[in-house]
Amino acid sequence: MAAAAKQGSTTSGHGGFHPTVVVGGNGQFKIYGSPIATTGHAIAPHVKPKSPPHGSVVLGSSKMLVYGQPVVLVGDGTACGDTVVSGEPRFNVG
861 MAAAAKQGST
871 TSGHGGFHPT
881 VVVGGNGQFK
891 IYGSPIATTG
901 HAIAPHVKPK
911 SPPHGSVVLG
921 SSKMLVYGQP
931 VVLVGDGTAC
941 GDTVVSGEPR
951 FNVG
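First residue of the sequence shown: 861, per my numbering; consecutive thereafter.
Everything hinted at is true.
Okay, the calculated beta carbon distance ranges per label pair:
1. Phe889 <-> Val945: 19 to 27 Å
2. Val881 <-> Arg950: 14 to 22 Å
3. Lys910 <-> Arg950: 38 to 46 Å
4. Lys910 <-> Gly954: 36 to 44 Å
5. Val945 <-> Leu925: 19 to 27 Å
6. Asn952 <-> Lys910: 35 to 43 Å
7. Pro949 <-> Pro905: 24 to 32 Å
These are calculated hints, taken from the structure and not from any lab test.
Here the structure is a predicted model, which is why all the values come from computation and not from measurement.
From the three backbone atoms N, C-alpha and C, an ideal C-beta is built for every residue, glycine too.
Throw the hints in and build the complete structure from the sequences for me.
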């Protein structure tokens, strides 16, 4: 089982890009007051010279959907190759 990600969850950073946070979330489904993150929600742009800004979460759980979208879990990836590394430890999916 893995913790569900929510708005404010952090990423690991990758390829010289600093860690960033999940800024999107579904406000109709909250985890302890914070919107739950599902696939397609944005991460805060993180940039480095000569690289375009990027980022949304692309992986999610096949075991739990919120309004038809897979819930993002710790360990899931983003469109840019980053990884979600924090979530709500009191809300596990699996």
